[in-house]
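4 protein chains.
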Amino acid sequence: MDIAMIGLGKMGANMAERLHRGGHRVIGVDPGEGARDSAAKRGFEVSASIADTLAQLPVPRVVWLMVPAGVVDQTLAALAPHLSEGDVVIDGGNSYYKDSMRRAEQLKGEEVSYIDCGTSGGVWGLQEGYSLMIGGEATAVAQVGAIFRTLAPGEDRGWAHVGPSGAGHFCKMVHNGIEYGMMQAYAEGFALMQHKTDFNLDLAQVAKAWQHGSVVRSWLLDLSADALGRNPQLDGIAPYVEDSGEGRWTVAEAIDLDVPAPVITLSLLERLRSREKNSFSDRLLAAMRNEFGGHAIKTR
Amino acid sequence: MDIAMIGLGKMGANMAERLHRGGHRVIGVDPGEGARDSAAKRGFEVSASIADTLAQLPVPRVVWLMVPAGVVDQTLAALAPHLSEGDVVIDGGNSYYKDSMRRAEQLKGEEVSYIDCGTSGGVWGLQEGYSLMIGGEATAVAQVGAIFRTLAPGEDRGWAHVGPSGAGHFCKMVHNGIEYGMMQAYAEGFALMQHKTDFNLDLAQVAKAWQHGSVVRSWLLDLSADALGRNPQLDGIAPYVEDSGEGRWTVAEAIDLDVPAPVITLSLLERLRSREKNSFSDRLLAAMRNEFGGHAIKTR
Amino acid sequence: MDIAMIGLGKMGANMAERLHRGGHRVIGVDPGEGARDSAAKRGFEVSASIADTLAQLPVPRVVWLMVPAGVVDQTLAALAPHLSEGDVVIDGGNSYYKDSMRRAEQLKGEEVSYIDCGTSGGVWGLQEGYSLMIGGEATAVAQVGAIFRTLAPGEDRGWAHVGPSGAGHFCKMVHNGIEYGMMQAYAEGFALMQHKTDFNLDLAQVAKAWQHGSVVRSWLLDLSADALGRNPQLDGIAPYVEDSGEGRWTVAEAIDLDVPAPVITLSLLERLRSREKNSFSDRLLAAMRNEFGGHAIKTR
Amino acid sequence: MDIAMIGLGKMGANMAERLHRGGHRVIGVDPGEGARDSAAKRGFEVSASIADTLAQLPVPRVVWLMVPAGVVDQTLAALAPHLSEGDVVIDGGNSYYKDSMRRAEQLKGEEVSYIDCGTSGGVWGLQEGYSLMIGGEATAVAQVGAIFRTLAPGEDRGWAHVGPSGAGHFCKMVHNGIEYGMMQAYAEGFALMQHKTDFNLDLAQVAKAWQHGSVVRSWLLDLSADALGRNPQLDGIAPYVEDSGEGRWTVAEAIDLDVPAPVITLSLLERLRSREKNSFSDRLLAAMRNEFGGHAIKTR
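Those protein sequence lines, which keep their order, are chains P, E, W and S. Residues 1 to 300, numbered by the working numbering, are exactly what the first sequence covers, in order. Residues 301 to 600, numbered by the working numbering, are exactly what the second sequence covers, in order. Residues 601 to 900, numbered by the working numbering, are exactly what the third sequence covers, in order. Residues 901 to 1200, numbered by the working numbering, are exactly what the fourth sequence covers, in order.
Calculated from the structure, these hints are not laboratory results. Glycine included, each C-beta is placed from N, C-alpha and C at the ideal position. Check the hints yourself; a few may be wrong.
For each label pair, taking beta carbons as the anchor points, the in silico distance ranges come out as [said to hold, decoys possible]:
no. : chain 1 : residue 1 : chain 2 : residue 2 : range
1   : S       : Pro968    : P       : Arg157    : 37 to 45 Å
2   : S       : Asn1100   : W       : Ser684    : 35 to 43 Å
3   : S       : Lys910    : W       : Gln833    : 51 to 59 Å
4   : W       : Gly894    : S       : Ala980    : 30 to 38 Å
5   : W       : Ser844    : S       : Pro968    : 44 to 52 Å
6   : W       : Thr899    : S       : Thr1097   : 39 to 47 Å
7   : W       : Gly670    : P       : Arg157    : 41 to 49 Å
8   : W       : Asn878    : S       : Lys910    : 27 to 35 Å
9   : S       : Glu985    : W       : Gly894    : 32 to 40 Å
Here are the simulated DMTMM-like pairs of lysine to aspartate or glutamate, each with C-alpha atoms no more than 20 Å apart in a straight line [as the list claims (entries may be wrong)]:
no. : chain 1 : residue 1 : chain 2 : residue 2
10  : S       : Lys1177   : E       : Asp558
11  : W       : Lys898    : S       : Glu933
12  : P       : Lys98     : P       : Asp73
13  : S       : Lys910    : S       : Glu933
14  : W       : Lys708    : W       : Glu728
15  : W       : Lys641    : W       : Glu617
16  : P       : Lys298    : E       : Asp558
17  : S       : Lys1198   : W       : Glu617
18  : E       : Lys577    : P       : Glu276
19  : S       : Lys1198   : W       : Glu842
20  : S       : Lys1177   : W       : Asp826
21  : P       : Lys196    : S       : Glu1037
22  : E       : Lys577    : P       : Glu242
23  : P       : Lys277    : E       : Asp558
Please put together the full structure from these sequences, using the hints given.
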């Protein structure tokens, strides 16, 4: 198929390359010269102009958005004048699913199909393929099925049309919530082994032993084994953990639906905690202990 | 009554003084010269010798232990040769309740009564009285009732014979678990208000408004209002929170009894967290994010 | 002062009575005949009509709203035609603080002052007074100061003008978050004691001992002691705990502000958990254990 | 090699069969006739007598214990008279690592080597091999290396000599703690999707899409996909989740080492929660809400 890939960041450029390798014609679009230059070396066409790009694509057009959640609306506004009836726009980024539902509804008025596609796999997707959770109307999904089959790890593996508009990004949101919980579980376990200094455990060795046959084997464990193999004490890495929006949305959604999700929730809060510099709550606890028990306060 | 107070630390010296003020004859015993000197100014007798002290007391003797949990066994070993049938020993410290059960059983063989008395109130107990949770045999508790009535906030308020040996320290253990949870709840709430910078809230003012009529009014809130009044931003206080044994015992006991106690448990874990310098789990999370998503790592 | 109390539910009727007892002229307004009839016996005037009521009040008028958060906007819409420059409207209910900020802004356009007043104290406020957290402009707050002084537990106790519009309901929101955490801490502690069957503890007796002198003394403990005194095993009460909006808002706000509040958050999730009938997550856990370990599944 | 497998339960019988298939001579020992009969069909020898079995093995003997943690001591007592210098005993079960350290020390006095081998893989290990975490002295581990190579998924994959006595069971303990956390994360995520009824998600389909290319792919996900594929609504499964000792030990160890492990800890508490019938803490919460706010109590 012919496809415009809007956004040539880490994810977009890799996906464009995988599609190009898979025999599709890809025009990558990015306003950044650096992004375009480095993408150009990957073999597919690049352009700075949405208008030019869409003019070159056969109708009905297929446009894949791979831009930060915060700029989807403005990207759609730039796209809109160039879209026509029958075109398909796919948002492969990490948009909030309710935004995707709203956007699908808006474009429906223009007879343009909007597909929300949750995309997992990170920087490894180029080689291993991406897991794709797809929301939207069945006819539109079928129309661009060839693209999903190329991006996924296999023709019929690692992708699914999971439901109507929004369902794709909803599943991706939950996926990331689960990811937070799994990561935190491993992190706590390895930290515990690291603190058991009398056994002088080689954490990479333990991780490797678990990679085959154990109940906890997983891709995240594979990555942990690699990271620990290269840097057993994780020297030079700050204990500072970012979060993106999906974890927060998952926590909020769970509460909205009255579903207790304590582990996913705590995993998010631990990330907030990792970024605190001078916790006010801990200082108040210390102050209270001093008030009632005369317990010494540590000064800074 | 005549009573030996073994241990003249912050708690022991205050309790000895309250008993002395209440008309009891108190001999305070402590191996530390400094502790004895400062206690001597409070009006009651002091001594460095357990043997001398017990020799001076009328039989049956009443001995109150107010020493750290870790030295109760050795203190009892020092006491034992000087005890005789009918004596009553009260452990008013924060001993593990199963240790108290064992000790009571041992002393029973010597016809000595052993009472475990959980004591709450901190440095304010001297003026306000102590809340006392008492475990042991009814006859022994009755024998020394005059002491409990003096230490408590009122003749018949703030103390109770709650059950057999161990029950007193068990209730004190749970009391401290609850204390951890309450403190953490306040700490989180005030931290949230402190972070809401657009409202520029005066936390001491809010705390004071809550002291009267609100659902969250409590003595810990009174103390928080005082602390925030004197130091609104808690300047100079390190975000470092100690824990003593009772929180850990509460968490372990809850799991032993299959009682989920997530808030008390988390409150303990938050204290551990406050003391971490370079969390390995957070560093592993950052490393994993870098592995799968190429997300930047913050270096130290 | 003269004041209209809109909403004669449990809270509104009690507050109207406390104001009436305090020498204010109160007209209570409620569309429900039952509510009006029962309020009428409390001594103050009642009316079914907002229009009539406002027509009777001297200008500038003072109107207190005590209605569910969900109907504030429609109540304001009904009020609006009858308000004039200089009037003061106070929302004493549990509105979301951002809604209060919006409403204050809207009414400002009409030269009407809008005050958000977080009100704590429950059904006991009639006798003991209410803790009031007030947000809005200083001149408006001063204008109706006599009302706050009457509702509060004392002239200058238990109420505070904490900040601009929204700040009052913000503090009330946090107050309720703290309340959730404190309640959960007590609940876990008492559950632990209840499960320690070998000690056969009398929970009301323990609660009473803690009421005087202990670190955990509080009004919630007083209420717990009462409840346990009347019904020691809490017979006939379902383990089903409702939540109102404030806990959810507190959790969301904490995450928005990057403030980890694990105990308040978990306290909310425990309430969700209490209302689950056939937890899907627990069933999946059981299914997974069966898959990997052949562990037996309990059937329903 | 020649080996005695003591204990022919689900795990022991499978491991004996895998060793037998791998060319080792195995004598399976179990006091239960049923266990022996069903094991006999698997091709290896069986016996009811430890004494007879050990008499048949060439010296130095290799004995693998695969019995519940609670009966290891008594099994060792039965074994002891028949062991002689140079024999190797391997505990492949889920013993507490400190017990393993003690046992190794005791047998060292008899010149018998004791190896603690954490074994993961469940009922799938027969076909896929077991992940083995081995603690003990290097010479003993080398002596029985052929056994580990057969049981593991590959000659040099899925097993490791991780440290001195106790280290093997320590790592297995932590492994299971991580397992609890991962399982809980998946369970919460799938529960959230199940409650999002507007999307009518096919959970097995989502799980399958995640199995290839996603960040959350894992063996536990594979099993979840299977379970959901066979029983999409998990009908007939009670929301009742057992725990074995390792989770509890992990939680206790983390606290002992001052390592905050909130997610692993909460995962254990959620299992306790799943088994509560009439939560006292929830009833007390409901009672408190009624006390202060007059909120209705649900009766049973």
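Results of checking the hints against the structure:
1. Distance hint check for Pro968 (chain S) and Arg157 (chain P): the Cβ-Cβ separation is about 40 Å, which falls inside the suggested range of 37 to 45 Å.
2. At about 53 Å, the beta-carbon gap between Asn1100 (chain S) and Ser684 (chain W) misses the expected band of 35 to 43 Å.
3. The hinted range of 51 to 59 Å is not satisfied by Lys910 (chain S) and Gln833 (chain W), whose Cβ atoms lie roughly 41 Å apart.
4. The hinted window of 30 to 38 Å between Gly894 (chain W) and Ala980 (chain S) holds, with their beta carbons roughly 31 Å apart.
5. Distance hint check for Ser844 (chain W) and Pro968 (chain S): the Cβ-Cβ separation is about 48 Å, which falls inside the suggested range of 44 to 52 Å.
6. Between Thr899 (chain W) and Thr1097 (chain S) the beta carbon distance is about 25 Å. The supplied range of 39 to 47 Å is therefore violated.
7. Our hint of 41 to 49 Å for Gly670 (chain W) and Arg157 (chain P) holds, since their Cβ atoms are close to 48 Å apart.
8. Between Asn878 (chain W) and Lys910 (chain S) the C-beta distance comes to about 28 Å, which sits within the given range of 27 to 35 Å.
9. At about 38 Å, the beta-carbon gap between Glu985 (chain S) and Gly894 (chain W) stays in the expected band of 32 to 40 Å.
10. Restraint check for Lys1177 (chain S) and Asp558 (chain E): satisfied, since their Cα atoms lie roughly 12 Å apart, inside the 20 Å limit.
11. A C-alpha spacing of about 27 Å is found between Lys898 (chain W) and Glu933 (chain S), which places the hinted pair above 20 Å, so the restraint is violated.
12. Proposed proximity of Lys98 (chain P) and Asp73 (chain P) is supported: the alpha carbons are some 13 Å apart, at most 20 Å.
13. Distance restraint check for Lys910 (chain S) and Glu933 (chain S): the Cα-Cα separation of roughly 15 Å lies within the 20 Å cut-off, and the hinted pair is therefore satisfied.
14. Simply put, Lys708 (chain W) and Glu728 (chain W) have alpha-carbon atoms about 34 Å apart, too far for the 20 Å limit, and the pair is violated.
15. Distance check on the hinted pair: Lys641 (chain W) and Glu617 (chain W) sit about 10 Å apart at the alpha-carbon level, within 20 Å; holds.
16. Distance restraint check for Lys298 (chain P) and Asp558 (chain E): the Cα-Cα separation of roughly 36 Å exceeds the 20 Å cut-off, and the hinted pair is therefore not satisfied.
17. Of the pairs offered as hints, the one joining Lys1198 (chain S) and Glu617 (chain W) is violated, with about 29 Å between alpha carbons and a cut-off of 20 Å exceeded.
18. As the CA atoms of Lys577 (chain E) and Glu276 (chain P) are separated by approximately 12 Å, the hinted pair is consistent with the 20 Å bound.
19. At roughly 10 Å between alpha-carbon atoms, Lys1198 (chain S) and Glu842 (chain W) fall within 20 Å of each other, so this suggested pair holds.
20. Our distance criterion of 20 Å between C-alpha atoms is broken by Lys1177 (chain S) and Asp826 (chain W), whose separation comes to about 25 Å.
21. For the hint pairing Lys196 (chain P) with Glu1037 (chain S), the CA-to-CA distance comes to about 18 Å; that is within 20 Å, so the pair holds.
22. Restraint check: the Cα-Cα separation between Lys577 (chain E) and Glu242 (chain P) comes to about 18 Å, which is no more than 20 Å; the hinted pair holds.
23. For a cut-off of 20 Å, the pair hint linking Lys277 (chain P) to Asp558 (chain E) is broken: about 36 Å separates their Cα positions.
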